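Now for the letters of each chain:
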Amino acid sequence: MRRAILWALAQLCLVLNVWAQRAVSGRITDETGSPLANASITVKGTNTGTTTSAEGFYTITVPAKATALIFSHLGKMSQELAIGTKSELNVQLKTSDKSLDEVVVVGYSVQRKKDVAAAISKIDGDDIAKIPVPSFAQAMQGQAPGVAVAATSGIPGGAINVTIRGVGSLNAGNTPLYVVDGIQINTSLSGSIGGSSSSGSSDAVKTQNNPLSFLNPNDIESIEILKDAAAAAIYGAKAAGGVVLVTTKKGGSGKAKFNLHMYYGQTKATKLQQPLTTQEWLQARIEGIVNTSGNVTTVDAARAQALTEIGQPGTLTDKEIAALNSTDWMKAAWGTGQIKSAEMSMQAGTQATSLYMSGSYNYQTSHIKPTNFERGTFLIKGSHKVSNKITVDASINLSTFSQKANFGQGGGNNNTINAAYAAAQLLPINPIYRPDGQYYGLSGSGDAWYGSFANNPVAAQELLKISVRTNQLVGGVSGTYRITPELSVKSLVGLDYRLAQVKSYLDPRLIGGTYDAVRGTGEVGSNWTTNFITTTTATYQKSIREVHNVSALLGIEYRNDADQQISATGNSFPSSDFQYLNSAATPVAVTESWTGYANFSQFARLGYNYRSRYIVGFTLRRDGSSRFGANHLYGTFPSVQFAWNASEESFLADAKSISQLKFRYSYGRTGNDQIGNFDSRGLYGGGRVYNGSSAINPTNLGNPELTWETRTEHNVGLDLGLFDNKILLTADAYRRVNVDLLLDRSLLPSTGWTNISQNTGSLMNRGVEIALTVRPLSGDLRLESSFNFTATRNKILSLYDGLQVLPGDASVKVGEWAGSNFLARWAGVNPATGRSMWYDINGNITYQPTTADRVFVGTVYPSYFGGWTNTLSFKGFELSAFLQYEYGRRRFDNQLQQEARIGSSGTNTHHYIYDNRWTTPGQLASIPRPLSSQTEQVSSSWNAGDHWYYKTDYIRLKQVTLSYNVQPEALKRMGFTAVRLYVQGLNLWTYTKFPGYDPEYTGTSSTIIPQAKNMTVGIQAGF
Amino acid sequence: MKNIFSLFILFILAALLVLSSCAKKLDINPRQSIADDVALTNAQGINNAINSVYAALKASSLYGRDLVVISEALGDRAFSNGKGNRFVNENQNTVNAPFGFWGAAYGALNEINLILEAIPGVTTDAATRSRWEGELGFLRALLHFDLAITYAYIPSFTVAAQDKGNVVLATKGFKTAEISINYFPTRATHAAVYGQIMSDIYKAVSQLSNSNRGAYYASKLSALALGSRVALYEGNWVRADSFATAAITLGGIGAITTTANHVSGWRTALNPESIFEVRIATLNEVPTIPNGLQGALTNLVTVGNNTTSNGGFGPLVPNLRLLTDLGISFTPAPNASTLSFGASIPAIARGNDVRNQLFEIGPNVSGRHIECTKFMGKNGAPGVDNVPVLRWAELYLNRAEARSKLSTPDIAGANSDLNFIKTRRITGFTVPANLTGTALTDEITLQRSLEFAFEGYRWFDMKRWGLPIVKTTPAVNLPNTTHRYNNQIPTAEVDGNKNMVQNFGY
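Going down the list, the sequences are from chains A and B.
All the letters of the first sequence, read from the start, carry residue numbers 39 to 1061 under the working numbering.
All the letters of the second sequence, read from the start, carry residue numbers 758 to 1263 under the working numbering.
No lab work stands behind these hints, which were simulated from the structure alone.
Each hint should be verified, as a subset may be incorrect.
[Stated by the list, open to error] Derived PhoX-like pairs (lysine-lysine); straight-line CA-CA distance at most 25 Å: (1) A:LYS309 x A:LYS851; (2) A:LYS851 x B:LYS782; (3) B:LYS782 x A:LYS528; (4) A:LYS442 x A:LYS369; (5) A:LYS407 x A:LYS541; (6) A:LYS528 x A:LYS151.
As the structure is a computational prediction, the values presented were derived from the model and not from experiment.
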């Protein structure tokens, strides 16, 4: 009976409930009254909810006992309104204070910035779009503390080195993992395809091909950089170099919005070098001859000899010498380049479907011809809500870019035909053109070249053809199934496919072993990488009365990467009119190669916070990689994160001055697998040949014990906002230790092997990162100043077998920096004799320093770096300036060293060297006396020791922009929503004491194209 | 709720399924290499692997360039004119480690030892097995010998106070990381190294026949010829004599050239006089011109055409002493310190020694020099030249020297060998009365320097004879005790090995 009554009551309640349900409707707008589409409305305390239409209208059925509705929209502050008896609720949502409710992508999911406990830097797409460079990595330069971005050269679209929180690994890579919309990008370079035209030489280095160039920087919504191990640990074994998460723009809703951006500009060398004139060169050469002979040869005899060497009668008078030809090869080979770019994007959508489309065309030529970069991109992203539970997303990014290259510009090879290298060293007596206007000194002309550089680099700029075309496709499809409002499952399948094609033609009109001597050399090559990834994640999110907030993530991932390459080389072309391999009479080489690896991973994240006050996070990832020995396929990488949002505490709620105060601590472990794909295997490879028969030889010594390099890191952080966030400070300090370093352990050469990859040794990095933003003026005249600063140092903690010094590389020593220069110190020039002196280990002067005299003289990594952005705006005008600085590097510059050869018969000299050379006894000079071969008798080589290592500290005005936002009234009449006009300069001013081309380079700088100075004007319009 | 739960289970099941199938997908193998444990298990693998050892000799640091060019730059018969700034420091004898083939040579030695250890496990006939072991024995002896004479004193002249022993002997292959890591060898004694070399040569002599593979491969003849050289360097005159005699008697590969075909012999792919020659057949096997053998010695593209340059530098040219000895003179004379003729072509007078025809005026690249034309891209493409390692003339000159130094010198025999060579090199040569004493020694010295000019012999001859290093262009004057005679051992070898001793002076 009792049961029956209960049943009846329940039935009654149900009926009442149905009866009590009613509809509430209204419109949601922003502060300006514009409708907000896709805003969400939920009934407080339930899962019931809906979204607004394109015009901002909504209708929701609410149960009688419902008390309030919660209105929210991305980027707006959520609002809660009591329902009462109303049937219409109209709401204006205010733009949220970004720093408070900003959402941060943390890998496989997003978090409110407020709830983040790890060290993550975020860069807004707007800041990236402001800098007109082809690759977003370059635009990250100086924007985030702890992230060191260095262009390897000034090649448009060239390679960029990004190092997050210093180098953690000695021999394995330090490249961060790049993830674009969930798809991990293959960042292996494919620009140096070939190299087969003549084994044993690196003449075939083509151009630099940056795999990150595929993305139009203007398509980027935001970039998050996972800096500490705790943040990155969710990416496990790929994350030791940090993780860069790129999120592209999404489709909109409602009426289509178009955005147009066009700019045009010019580029120039930041600095031109001044090689000597013929007359100056003669002076140096005469001194060189006299000095070399030990003052036996008289000045007159030396003068006659020097003149003879450049094909002149030895009897020329001073007046006749003054009239000798003096070519400024530098000026001829270097010029101005241009930048052109046009792009358009559209965001549109309906309630269920949204779409983003963009297309762009970008063209840049370098200041050194014919190097250029030309790119077209097309991105389409769509999202469709099949039902309340199922959403399907798809995106495809098609990109094609081509680069023409200067011969040998990839660096490393001292090529006498490379414009950057040769123009500074070719003797000025040689003319560029013959009297009839043809190039001087081509094959068969009979023109004599004087000096070691016996080829016309200006002709080479026109005649040598080297190009790389890259076609890249990055796309993915994902489905999200929202099982309940708390639980959803998402599956993503992605592909990053790249085909790079190289073609080069070494013209037989030039002189030399690969030119006329073999009647031209042609090479074609293709490299394709197929990088497939699939990820499935389940996320769970639950808020219990907004007090206890729980989140969980579980996922699996599989990635398979394959890289294949073919190339063919031939020579003996009928003439320079024929440039395709089908006309080559002699096939020289064909090659093919394949390499690949696979990763399989499982991962999980758990998060809990209490009123966003106390925050705890935990992640775990288990990774398997085909790169490691069978016994060590898998590695496990956990992390924990804690944060305390003190500003959420009641005792600080009233502290008006403190708007934000958060303390963070995190600990995490990540792995490094950036070694060769088959380094753990014992291998025999082919490729050698003897007397027309093939041969096999041992290529790799097996090490089945090879396993992950592990990085552990502690991070403490502070986020402080004062006076309504007018002052914002984020500070982080970290200590990180990489253990089981993947070290190329040197073997004694007498084993017949050079080295093996082994897990041994440890390396510590520690650093402090500070980002400070102040907004002292708001109102009509606004000023915002953001300064970031990074101090970092590393230290080698241990090597193997208790060794203090790495065998084979004495610069790797326990207690010292990784990347140290370990050389004898140069002691300057002896004022009496003009000879170079060095210090021995006891600090005494010596002329023949030995290996025992080597000391640590600086490191190639910076100790301090950062950036400083200032933005001043008044009404529609905005002036912003971005300074970037770097301090503490000391590096070898091979280009400069080569140009320091003074007094020799073969090469020209840098004016700085000439001006500072020793000439007379008693003179205090910084450059030794000129000599035919620079090296003194009974002395170490002239380039021994640290003489040619330079500090490359600099402060650079990276970017300065003046823009004007056309006022809205004027625009609306014309149908525009926003128009911005700007003029911008890049690298306009640099403070540095470095005498070489440019302090921003990696490697040894020879033959590279230095950074350029850009001036651009542009227009951005929305309609 | 139940519904969600079952879905969750389903998801986990699906995850497990993917997991198990993906674990297999981690099994990714290289496609252009094979595992080391299967590479040498059959006859084809052994043949291919032996080929690789021959191929290793082509390296620029070995016979591909340095053993020819650097040796000449260090010696006192060549001059670096500074073009391309190449070999200047070597020519001034200021470089610590002019040679850098330590690693390359031990790499090849390791290959040899790995093959020798694998041969017993391979099924094949006795003749093939014997040939394999014989060729590898010859190659192991040659590589040990080149290491020994470069990185250690040659027993025929040592400075006891500066003698740190010979090189490391390599007679075992390194198969695993573990063995390689725990290897800390010491320098062997001279006796041990030369003993090992001779034992390999004896093995090669007994296991090889001359019916096999010609001058591009090791043969019984090449083993005997190498034996005579090794014995000569060691100061074992009896053995040097007997090995040379045995080789001359055996013959079968190549023959001594005469005034009629000596010069043309240097224009054919295979020098008719070669007993063992490193074969470099195609453009793909050599560095581009400026970095290779031809580009180091000459700017000429073809013999007799000094109007076009090959784009090399041609930095290493004969000095006046060699030119005078060869009987070449000029009007006007070259600049005394640069040996350059400027842009003009001088008149050349040549003596009767045909060997001087292997030197001629080069094209005008910052002035003209007289250049060596022994390596002119004989195999049809620029820079592509075989490199003779052992040739017939050496047998006679080795024997002449050995006979002159026997405890009871064989003066007649030595003179007969000398005259044998001179008859075949000097047009209209008439045999003079027998030379004795220093006159004989000087003539042997002279003939070696003329015969092997720009073939890399001179430096090692100077070293084993204990000559001071005296040059006028450039001015060098070092006593025979100079530490420069022994190349610095790579720091990588010394740094990591407590048992290793660096050469004196470094």
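Comparing the hints with the structure gives:
no. : hint                : verdict
1   : A:LYS309 x A:LYS851 : violated (37 Å)
2   : A:LYS851 x B:LYS782 : violated (40 Å)
3   : B:LYS782 x A:LYS528 : holds (22 Å)
4   : A:LYS442 x A:LYS369 : holds (21 Å)
5   : A:LYS407 x A:LYS541 : holds (17 Å)
6   : A:LYS528 x A:LYS151 : holds (23 Å)
When the structure is compared with the earlier hints, violations turn up for hints 1 and 2 and for no others.
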